[in-house]
Amino acid sequence: MDKETLIAQLKEIIKPYAKNEEALANIDENTDFINDLKINSANLVDVILDVEEKFNIVIDNESMERMLNVKSAIEIIEAKLAQG
Amino acid sequence: MHNRVVVTGIGVAAPNGTGIPAFTAALKAGVSGIRYDQQLADLRFSCQIAGKPDIPESLQLQYLDPLELRNFNSNGILYGLVAGIDAWKDAGLPVAPGAAPDWDSGTVFGAGSAGVDKLREAIYKVDALEVRRLGSTVVPQTMASGISAWLGGKLGLGNMVTTNSSACTTGAESVLMAFERIRSGQAKRMLAGSTSDSGPYIWGGFDGLKVCTFRHNDNPTAGSRPMSVSASGFVPGSGAGALLLESLESAQERGARIYAEILGGNINSGGQRGDGTMTAPNSEAVQRCIRTALQHAGVRAEEIDAINGHLTATGKDALEVENWSIALQRKGKDFPYLNALKGLVGHCLSGSGSIELVAAVIQLYEGFLFPNINCEDLHPDIEAIADPQKIPQRLLYKDLNLIAKASFGFGDVNACVVIKKYKQA
Chain A
1 MDKETLIAQL KEIIKPYAKN EEALANIDEN TDFINDLKIN SANLVDVILD VEEKFNIVID
61 NESMERMLNV KSAIEIIEAK LAQG
Chain B
1001 MHNRVVVTGI GVAAPNGTGI PAFTAALKAG VSGIRYDQQL ADLRFSCQIA GKPDIPESLQ
1061 LQYLDPLELR NFNSNGILYG LVAGIDAWKD AGLPVAPGAA PDWDSGTVFG AGSAGVDKLR
1121 EAIYKVDALE VRRLGSTVVP QTMASGISAW LGGKLGLGNM VTTNSSACTT GAESVLMAFE
1181 RIRSGQAKRM LAGSTSDSGP YIWGGFDGLK VCTFRHNDNP TAGSRPMSVS ASGFVPGSGA
1241 GALLLESLES AQERGARIYA EILGGNINSG GQRGDGTMTA PNSEAVQRCI RTALQHAGVR
1301 AEEIDAINGH LTATGKDALE VENWSIALQR KGKDFPYLNA LKGLVGHCLS GSGSIELVAA
1361 VIQLYEGFLF PNINCEDLHP DIEAIADPQK IPQRLLYKDL NLIAKASFGF GDVNACVVIK
1421 KYKQA
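Sequence order for the protein chains is A and B.
Just so we're aligned: 69 in our numbering is position 69 of the first sequence, and the numbers increase by one with no gaps anywhere.
Just add 1000 to wherever you are in the second sequence, counting from 1, and you've got our numbering.
One chain only, chain B, in its complex shape (with noise of 0.2 angstroms):
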């Protein structure tokens, strides 16, 4: 007997709105988060656009306090924070400091790397023989669970508290990490999540590979362009996402919001074989992913109602299309409703499966397709497979029943999850 399992809380901290609200505005009014970036022009990048989370002091102390925020370097983890504590208080969870453990609650919230500035500033101090002046703060910012760490225990989670990594799919993976625990009747709640820190020295290595756009320095909003012609590499961008997982019986007991039931999901890899490598999909591991994940749902592929893709507007964007459409069976106006979340915040690196699947499950809550900005130049590979009204380019009311959310990461790994909207019985 498995757990049903059900959405009840979500947090977001993106380019283009921190919190639920300014977020879902963003996403309808088609707001774009990409920016001008003067540290990265200061410091020769060939991309100098960019998309961070805008977290000011005021803010950063409602998640931590003052003594915590002294020698405090680690924005991936205040992304996190603010992310996952939003999602905890959006299901209406208490947040009770002295109480005793809460053993029904975990997390899995995920993170490319941890606090690199802060590891950067360790590691002048360490060279320069002052490695005893470090203090207590290098530790629980450096370390890859940092941001489990720091959510167990502000919320005081007693169940398994634990970070996962796998690029640019730890988010997707994650909350099918989560959703197993409650599935498997291990935990009632499970904050699933992932974070990515911002700045230089997290983007860097993705500007010496030459897989960002340095088209568009001059008109940032214009710069990320999923599935269009003229897209030419990926926006660097960052911040969290969170979702408050819950078994449907907790979630009922409590009387809580429901936002959208997950009803299963695939996570495979396609070992750099075929035409998978290091940084490229395998199509055939992409392509089996989305088939099983929809067979694990138990959801037939004509169900889907709209896809949002991984699409970061590097040149594999019309490839994912056609893995969607081989997956699926369908195309042309049979094709699903397609959405691209990264034209409005970049790429959000371990961040970004995670955010995605907080507009997925807004989108679902609400019933809307947000406006795919940038696309007005559809490729013409894409739009030979899916029909241009499928990629809606303005805000469509639409209610939606199935999102399959789908993300890519380096070591060629996939994740694919399947969601639905939630109506009481």
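Pulled out of the complex, with its shape left as it was, chain A reads as follows (with noise of 0.2 angstroms):
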């Protein structure tokens, strides 16, 4: 799955918990959930689940910690998926 496809993927994903919207529309790699898109820091756990249930994959505790941002969710689903 190349990157642009990806970053869609997690776009529809992240939608619902976005506050805002403009950066949310701009997102790309650079992208911070919770600086950039105000996501509230108690959704990022349901972030992770519904890319859990997307990808049909199983993030572990220490990968959750770092999935702060548009970049590590790549590259922890890319690993993941890696795995398979």
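Simulated from the structure, these hints should not be mistaken for lab results.
There's no promise every hint is true.
The calculated lysine to aspartate or glutamate pairs, modelled on EDC-like cross-linking and capped at a C-alpha distance of 16 angstroms, are [what the hints assert, rightly or not]:
{"hint": "1", "chain 1": "B", "residue 1": "Lys1390", "chain 2": "B", "residue 2": "Asp1377"}
{"hint": "2", "chain 1": "A", "residue 1": "Lys15", "chain 2": "B", "residue 2": "Asp1065"}
{"hint": "3", "chain 1": "B", "residue 1": "Lys1316", "chain 2": "B", "residue 2": "Asp1381"}
{"hint": "4", "chain 1": "A", "residue 1": "Lys15", "chain 2": "B", "residue 2": "Glu1068"}
{"hint": "5", "chain 1": "B", "residue 1": "Lys1331", "chain 2": "B", "residue 2": "Glu1366"}
{"hint": "6", "chain 1": "A", "residue 1": "Lys38", "chain 2": "A", "residue 2": "Glu21"}
{"hint": "7", "chain 1": "B", "residue 1": "Lys1420", "chain 2": "B", "residue 2": "Glu1366"}
{"hint": "8", "chain 1": "B", "residue 1": "Lys1390", "chain 2": "B", "residue 2": "Glu1303"}
{"hint": "9", "chain 1": "A", "residue 1": "Lys19", "chain 2": "B", "residue 2": "Glu1068"}
{"hint": "10", "chain 1": "B", "residue 1": "Lys1028", "chain 2": "B", "residue 2": "Glu1366"}
{"hint": "11", "chain 1": "A", "residue 1": "Lys19", "chain 2": "B", "residue 2": "Asp1065"}
{"hint": "12", "chain 1": "B", "residue 1": "Lys1398", "chain 2": "B", "residue 2": "Glu1303"}
Cβ-to-Cβ under 7 angstroms is the rule here; a few derived chain B residues that face chain A [claimed, not checked]:
{"hint": "13", "residue": "Leu1067"}
{"hint": "14", "residue": "Gly1135"}
{"hint": "15", "residue": "Ser1136"}
Values in this document were obtained by computation on a predicted structure and should not be read as measured data.
Glycine included, every Cβ here is placed at the ideal spot set by N, Cα and C.
Hey, can you piece these two chains together into the complex? The hints should help.
See below:
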């Protein structure tokens, strides 16, 4: 799966949680979930659960801690998919 | 120097009406909110009728955004939000996300339990080894203080934000706790109220206790029969009531509409001694609670125009009327008017006291006694104490000055609130 498709899928997942719609519209690799998208920190676990469901992967606790922006999310998803 | 405390806003989510206009119309017309409940029947409850506020999704979206409604499964919090936010807005107060906290406003919003449906969902997941899949929504929807926390956030409350819990006394207690906070000058405004979840997991325990009626499954609206000789147990209800209490000074400064004045009240317990137990009231404590409430409010027993009773439609209604009679030293034609809201909405448990107080405030403000339905066969023991004319079965317009409202709860706890019509000086 190429990066652009991944970001587009991530964008769909994040949409209900993002309070900053402009930042969501301009989402790219450097977008931060909390600082840019203004996602409530408690909702980060919901984003992760939705990602798990969408890609049929399991994200371990250590990866969860790092999953604070689009870049790390893509790395983690790609790594998990590769482990397949 | 104590502050005088007035009611400047009210809100309600009741089985027979959500929102003050609908609830007031249902009160006056004597419309019952009790319905047949297929889920209770499927689950083999003895009592298959119940009272639930009707809050369709379109209305839910006025109180919760789509994200908040995702995985939302705590109807008690929903009822509390509807009543609480309505009361706040009814008082003409602003809802301004992004503004600084309102340090002068707080809430005491009670609940008997919180989010039992959500808790059930979570328990199933935990037992299925899926604790990591619970997500972020379990704690705010199941913590005991959930409702006050949600209201605090929605309204930006910066004063005390707490939840009280004292079974079916909860609503009356929340009003008295909020009253004290304003009276003593610690807050200018307090949102007082209480809520109760609906559904089989909250009502099951009462069905198991055999305190709910099983005789009216085929005739729901006749099922809740306070003061009737054919009363055979209460009908489970749910919902929330809310009163925005405010210091008279603050209300006058804002030019707010004043519905009524809270004069005072009392909260006590019978200690589960004498005839008091976990589930039955100690009559001495009940009488003492009423008398002390009048003293605290500075009114004489003969001044009380009407009683808004606890009156659940169990076998204890006659005893309650007797306790009022002894406490007030009034009987027969001299007995105050008597209203039992539970005939219309069932027993809304931890929500009952506040829903009934909202009704009492409307009654004072508009001047009427609502019809006591389902007591056409008045219990003879009650008839021997109170003249039947004092228990109107039809809407009766009447200028009322003072209403005493009492609630009693499991744990042998009591609360009595005295409310007065507010007259512009």
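Do the hints match the structure? See the list:
no. : hint                  : in the structure
1   : B/Lys1390 - B/Asp1377 : holds, 15 angstroms
2   : A/Lys15 - B/Asp1065   : holds, 14 angstroms
3   : B/Lys1316 - B/Asp1381 : holds, 11 angstroms
4   : A/Lys15 - B/Glu1068   : holds, 13 angstroms
5   : B/Lys1331 - B/Glu1366 : violated, 26 angstroms
6   : A/Lys38 - A/Glu21     : holds, 9 angstroms
7   : B/Lys1420 - B/Glu1366 : holds, 12 angstroms
8   : B/Lys1390 - B/Glu1303 : holds, 15 angstroms
9   : A/Lys19 - B/Glu1068   : holds, 12 angstroms
10  : B/Lys1028 - B/Glu1366 : holds, 11 angstroms
11  : A/Lys19 - B/Asp1065   : holds, 12 angstroms
12  : B/Lys1398 - B/Glu1303 : holds, 15 angstroms
13  : Leu1067               : holds, 5 angstroms
14  : Gly1135               : holds, 5 angstroms
15  : Ser1136               : holds, 4 angstroms
In summary, the structure is inconsistent with hint 5 from the numbered list given earlier, while agreeing with all the others.
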